[in-house]
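Q: Each chain, letter by letter, is given below.
2 protein chains.
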Amino acid sequence: MMKINAKQLTSLDEQTAADVAELFRALGDTSRVRILTALIDCEINVRGLAEIVGISESAVSHQLRTLRLMRLVRSRKQGREVFYCLDDDHVTSLVLQGLDHVVHG
Amino acid sequence: MMKINAKQLTSLDEQTAADVAELFRALGDTSRVRILTALIDCEINVRGLAEIVGISESAVSHQLRTLRLMRLVRSRKQGREVFYCLDDDHVTSLVLQGLDHVVHG
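Just so you know, the protein sequences line up as chains A and B, in that order. One rule links them: number in my numbering = place in the first sequence (from 1) + 1. One rule links them: number in my numbering = place in the second sequence (from 1) + 1.
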């Protein structure tokens with residue numbers, strides 16, 4: 002049944018919708034999906050990510066900048082090394098939900 | 002700490018990663034985000050969605066085709082009317098997680 006009400010009509014303003022769309026676009030790239038999936042369980046540095054994803058370290062760094070900007074990953078410095086992990090449990094479940102939808106329908 | 006293991010290196014093949022990225026790209030559009038959000042609680046027809054999102058009915062139909070292709074929405078015929086809803090609870094939580102990340106960080 003169609004049940005439109007005023008709350009719904011105004012529930013998602015244009016700017017919020019645009020921000021959500023931008024977030025999903027940040028997730029909509031094969032290399033970035035592989036980086037995020039690799040980071041689900043652990044902290045990894047750029048060299049490790051390049052090895053896992055099979056792209057250059059500079060390409061990994063480029064993708065990490067986008068992912069940090071969207072608060073999807075965060076970094077931690079340890080001596081001269083920088084390690085990356087998913088920003089929080091939200092991000093983990095976002096990635097896992099996407100994976101689940103594709104794998105299990 | 003960097004903990005790379007063989008399982009991880011092979012855990013997400015290129016095709017699966019590409020499929021997940023494609024799914025997120027389908028979510029990465031302002032109108033589609035607004036359509037999906039409107040469908041969280043109820044079934045709505047094309048006319049209702051056009052009213053809520055503020056785009057033409059033909060634009061809504063175009064976006065619904067993309068969303069159906071990605072199994073994000075499904076339809077139900079009732080007489081001459083076709084009503085749309087989110088495909089399943091996965092999709093609902095995917096949309097809500099994205100919204101949550103943007104609104105609450």
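These aren't lab readings, by the way, just hints derived from the structure by calculation. If you're wondering where the values come from, they're calculated on a predicted model, not measured in any experiment. Errors might be hidden in some of the hints.
Unchecked claim - With beta-carbon atoms standing in for the labels, derived distance ranges:
id, chain 1, residue 1, chain 2, residue 2, range
1, A, A19, B, H63, 12 to 22 Å
2, A, V83, B, R81, 51 to 61 Å
3, A, D90, B, Q79, 38 to 48 Å
4, B, R66, A, K78, 39 to 49 Å
5, B, G106, A, V83, 16 to 26 Å
6, A, R66, B, A19, 17 to 27 Å
7, A, G80, B, S76, 28 to 38 Å
8, B, R81, A, L70, 45 to 55 Å
9, A, K78, B, R72, 38 to 48 Å
10, A, S59, B, E15, 17 to 27 Å
11, A, D14, B, E58, 17 to 27 Å
12, A, K78, B, E58, 52 to 62 Å
The beta carbon of each residue, even a glycine, is placed where N, CA and C say it ideally should be.
Q: Evaluate each hint against the coordinates.
A: Status of each hint after checking the structure:
Between A:A19 and B:H63 the C-beta distance comes to about 19 Å, which sits within the given range of 12 to 22 Å. Restraint check, A:V83 to B:R81: a C-beta distance of roughly 60 Å satisfies the suggested window 51 to 61 Å. Between A:D90 and B:Q79 the beta carbons are some 40 Å apart, a value that agrees with the proposed interval 38 to 48 Å. In this structure the supplied range 39 to 49 Å holds for B:R66 paired with A:K78, their Cβ-Cβ distance being about 47 Å.
Between B:G106 and A:V83 the Cβ separation comes to about 22 Å, which falls inside the hinted range of 16 to 26 Å. Checked against the given bound of 17 to 27 Å, the beta carbons of A:R66 and B:A19, roughly 22 Å apart, stay inside it. Range check, A:G80 to B:S76: Cβ separation about 56 Å, and the 28 to 38 Å hint is violated. For B:R81 and A:L70, the hinted distance range of 45 to 55 Å is satisfied, since their beta carbons lie about 47 Å from each other.
Checked against the hint of 38 to 48 Å, the C-beta distance between A:K78 and B:R72 comes to roughly 41 Å, which is consistent with it. Checked against the hint of 17 to 27 Å, the C-beta distance between A:S59 and B:E15 comes to roughly 20 Å, which is consistent with it. Remark: the range hint 17 to 27 Å for A:D14 to B:E58 is upheld by a beta-carbon distance near 22 Å. Our hint of 52 to 62 Å for A:K78 and B:E58 holds, since their Cβ atoms are close to 53 Å apart.
Against the hints set out earlier in the document, a violation occurs for number 7 only.
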